[in-house]
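**Student:** Here is what each chain is made of, one letter per residue.
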Amino acid sequence: MSKLRLLFVKEKQASYISHLDLIRTFQRAFPRTDLEIKHSQGYHPHPIMSIVLPLPVGQSSDCELLDFEVTQDTDGSGIVEHLNTGMPNGLRVLECYEARRPIRELVYLRAIVELEYDNGVPEGAVGQLRELFARQNLVIQKRTKRKELADVDIAPMIRRIELTEGEGLIRTDVTVQAQNPGLNPQLLGKAIERYLPELTPDFIRVRRTAILDAEEKDFR
Amino acid sequence: MDKRLERILPRVQKPARYVGGEYNAVMKDLSGVDTRIAFCFPDTYEIGMSNLGMRILYGVMNNMDGVWCERVYAPWGDMEQEMRRAGMPLFALESGDPITKFDIVAFSVGYEMAFPSILNMLDLADIPIHSAERRELTPLVIAGGTAMYNAEPIADFIDLVSLGEGEEITVELVELHRQARREGWTKAEFLRRAARLPGIYVPSLYEVNYNDDGTVCEIIPHDGAPRVVTKRIVRDMDKSYFPVKTIVPSTEIVQDRIMLELFRGCIRGCRFCQAGYVYRPVRNRSWDLCAKYGVEACNDSGYQEVTLSSLSTSDYPPLTELCDELEEFCAQRHVNLSLPSLRADNFSMNLMQRLARGRKTGLTFAPEAGTQRLRDVINKNVTLEELLRSCHTAFAGGYNAVKLYFMLGLPTETDEDVLGIADIAARVMHEWREAAPNKNRGVRITVSTSWFVPKPHTAFQWEPQITREEYERRVKLLREAIRTKTVTYNWHDSATSVIEAVLARGDRKLCKVLETVWRKGATLDAWEEYFSYERWQEAFAECGVDPAFYANRRREKDEIMPWSMISSGVTEAYLWREYERSRAAVTTPDCRTHCNGCGANLLVGGKCDV
Chain A
2 MSKLRLLFVK
12 EKQASYISHL
22 DLIRTFQRAF
32 PRTDLEIKHS
42 QGYHPHPIMS
52 IVLPLPVGQS
62 SDCELLDFEV
72 TQDTDGSGIV
82 EHLNTGMPNG
92 LRVLECYEAR
102 RPIRELVYLR
112 AIVELEYDNG
122 VPEGAVGQLR
132 ELFARQNLVI
142 QKRTKRKELA
152 DVDIAPMIRR
162 IELTEGEGLI
172 RTDVTVQAQN
182 PGLNPQLLGK
192 AIERYLPELT
202 PDFIRVRRTA
212 ILDAEEKDFR
Chain B
2 MDKRLERILP
12 RVQKPARYVG
22 GEYNAVMKDL
32 SGVDTRIAFC
42 FPDTYEIGMS
52 NLGMRILYGV
62 MNNMDGVWCE
72 RVYAPWGDME
82 QEMRRAGMPL
92 FALESGDPIT
102 KFDIVAFSVG
112 YEMAFPSILN
122 MLDLADIPIH
132 SAERRELTPL
142 VIAGGTAMYN
152 AEPIADFIDL
162 VSLGEGEEIT
172 VELVELHRQA
182 RREGWTKAEF
192 LRRAARLPGI
202 YVPSLYEVNY
212 NDDGTVCEII
222 PHDGAPRVVT
232 KRIVRDMDKS
242 YFPVKTIVPS
252 TEIVQDRIML
262 ELFRGCIRGC
272 RFCQAGYVYR
282 PVRNRSWDLC
292 AKYGVEACND
302 SGYQEVTLSS
312 LSTSDYPPLT
322 ELCDELEEFC
332 AQRHVNLSLP
342 SLRADNFSMN
352 LMQRLARGRK
362 TGLTFAPEAG
372 TQRLRDVINK
382 NVTLEELLRS
392 CHTAFAGGYN
402 AVKLYFMLGL
412 PTETDEDVLG
422 IADIAARVMH
432 EWREAAPNKN
442 RGVRITVSTS
452 WFVPKPHTAF
462 QWEPQITREE
472 YERRVKLLRE
482 AIRTKTVTYN
492 WHDSATSVIE
502 AVLARGDRKL
512 CKVLETVWRK
522 GATLDAWEEY
532 FSYERWQEAF
542 AECGVDPAFY
552 ANRRREKDEI
562 MPWSMISSGV
572 TEAYLWREYE
582 RSRAAVTTPD
592 CRTHCNGCGA
602 NLLVGGKCDV
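The listed protein sequences derive, respectively, from chains A and B.
Per my numbering, the very first residue in the first sequence carries number 2; after that it's consecutive.
Per my numbering, the very first residue in the second sequence carries number 2; after that it's consecutive.
If we strip away everything but chain A, and leave its shape as in the complex, we get (with noise of 0.2 Å):
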């Protein structure tokens, strides 16, 4: 029996598959491998696998990570292709391996947020959002579980956060806390509407390009 974790890449059409259906098309390329996932017992058997830090819908990421076992033991070598040969397109796994490092170790994800300007970027918005992300605190609205409203101080969840203007759009790359709790960068944008509002962006594409540890090192 191995524990066995996949890295896979999630973008184009494929970042508008949700969570649960994600699950279920693994599950339907799983059979191409020649590998026995170890599956639930009960009236309905289905396979276990579960996704580490779920991407929200719309957002593509290079990083993805799907843990699973198998009853056989195996470095996972070789599966990977038989993996993409049944992916929908904009879903593509890089590596196979064996699941070593435990998730808690998992404690940041940098990504690319770029806010549209449809209109071009007003005059100095970059450095009046630096200033606003420098702020000690940082309170937005967000909803929780309970569908209820509730004030959360996103600042210190924001490790460090760096701008750039270009043609159209203010490209963001920001390194945030991953769990516990975990910040999705798409709430950037809720800041900006908070505090400055003249100068929300039009649309917001995210990116996650990177998954690190407590040192900041690629979390595998």
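Don't take every hint at face value.
Stated by the list, open to error - Here are the simulated lysine-lysine pairs, DSSO-like style, with alpha carbons at most 27 Å apart:
| id | chain 1 | residue 1 | chain 2 | residue 2 |
| --- | --- | --- | --- | --- |
| 1 | B | K15 | A | K143 |
| 2 | B | K15 | A | K146 |
| 3 | B | K510 | B | K558 |
| 4 | B | K246 | A | K13 |
| 5 | A | K13 | B | K15 |
| 6 | A | K13 | B | K4 |
| 7 | A | K148 | B | K15 |
| 8 | B | K15 | A | K191 |
| 9 | B | K29 | A | K13 |
Claimed, not checked - Only some residues are given here: those of chain A computed to face chain B with a beta carbon under 10 Å:
| id | residue |
| --- | --- |
| 10 | K13 |
| 11 | D22 |
| 12 | H47 |
| 13 | V58 |
| 14 | D203 |
| 15 | A215 |
Derived by calculation from the structure, the hints in this document are not laboratory data.
Using N, Cα and C, we set each Cβ at its ideal position, and we do this for glycine too.
Dock chain B against chain A, hints included.
**Tutor:** Chain B only, in chain A's frame:
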């Protein structure tokens, strides 16, 4: 990805429906493509992707050189609103290109309530809705599917109809259109030539005149169009295309499994059932071929469920052989087999147990009517004893849920027949008490009734639908007769069935009604969320059309039906004979017992493979 689409998607429900890119979606290089086909389903992605016919024809068309067939579905209301606001026309899932760029726009129409959605999709695509307004050869707007056995209510909007099974005729039609474009024919010239292809009905080549009372007086074909167009079929199911490599949606759809088609047609001859008549004759696919397709389709898609699909799966002669053959594969790959429907007279408990492999959820039977007399009228040759015996076996085997489907408003139905439904439920309950090994778990008996809608090309095409008041009275009668708490009674909302009854046997005068109701906002009217009876009533009133004329009127023998230029292969004389036998409550044996001479045998050269 289109920038407008990227902006819209975060604001709509289930955006994965609108992006394509699924595994096995066919992508082609446009430099090698001279014919682009937008294959449209006038309902949502989840419904359209669950349609086996669409999957078959998608494969057939994409197997043609130079042809790229792409899928188009109706957007849900939120998406439609966003698209219209962004000025984004209807697009195809594979390329993302607007439909106006396509040569052929083909609709698969399975039910009448989808008619408004056809108009809405054409409009969303920026294509004029009237056939007469589209003067060019492209885009050609065509339609097929079961609802097209009476295409008259949408005759003004479509250029031609492809009747019956599309595997062969679609290829012939696409080739003819290709020739027409290459040789620069006019649209009129193309339609004249297309009308000569067997199975193609071109509404604009038929002049329909009416009597003063609103009935059809004559139908005159012009320009060499045939007096009667007969549907096409595939003669040999073993040679017909099966989509082994089929699109695997990245989001959940209604039929999220392999649909393994065992046979076409049905031996039974239930008199209300349009599918039972228009899909004749029965043609079986060899069981070993079915098994092979099933395994290959599972291996390619990764699906872990296969539904053994047909109009009446327990009537497939080698069903046991097929299940035996698949058993080992299913066990090893954790694949489940499921049956779509059961007949209470010949279903095998043994087989069910094996298919369920430990799971015992519910069983569903459709006795359709409450008394033997009425079941004889509709030729549903199932007896109460058979039903009770089946339920007994099921309960004894550990099942504790049974669903029973009935129709209200069947021809000749009396209050006694209605109350008979409650009686059946009570008797099923009694069987459970007798048979259940463990009564602590309780039992769930669900009775569902729908409202009978008379359909064209059936023995009941001459029958009136009962009025809405009468239907509601019968629902109330049954509701009060079902007293046990363990029996749940669900009944179908009445308003949709009225409109369905009007459209099903409608004529061309309804084109105006459809256009009116669509302009008033009708789109996805097959969905309760969007259906509005008031809107339809307004449209009828504005167009001076009396819905009762279509729904609640008994037709005479000599009346010309609006769809009489269409033949399913079953003769009208046979249907009339069945109608008369129904009036006398005389049953007709199934095709396997003996041939009743319906006429569909001529489609396969004289003798059916029952």
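**Student:** What hints, given by number in increasing order, does this structure fail?
**Tutor:** 15
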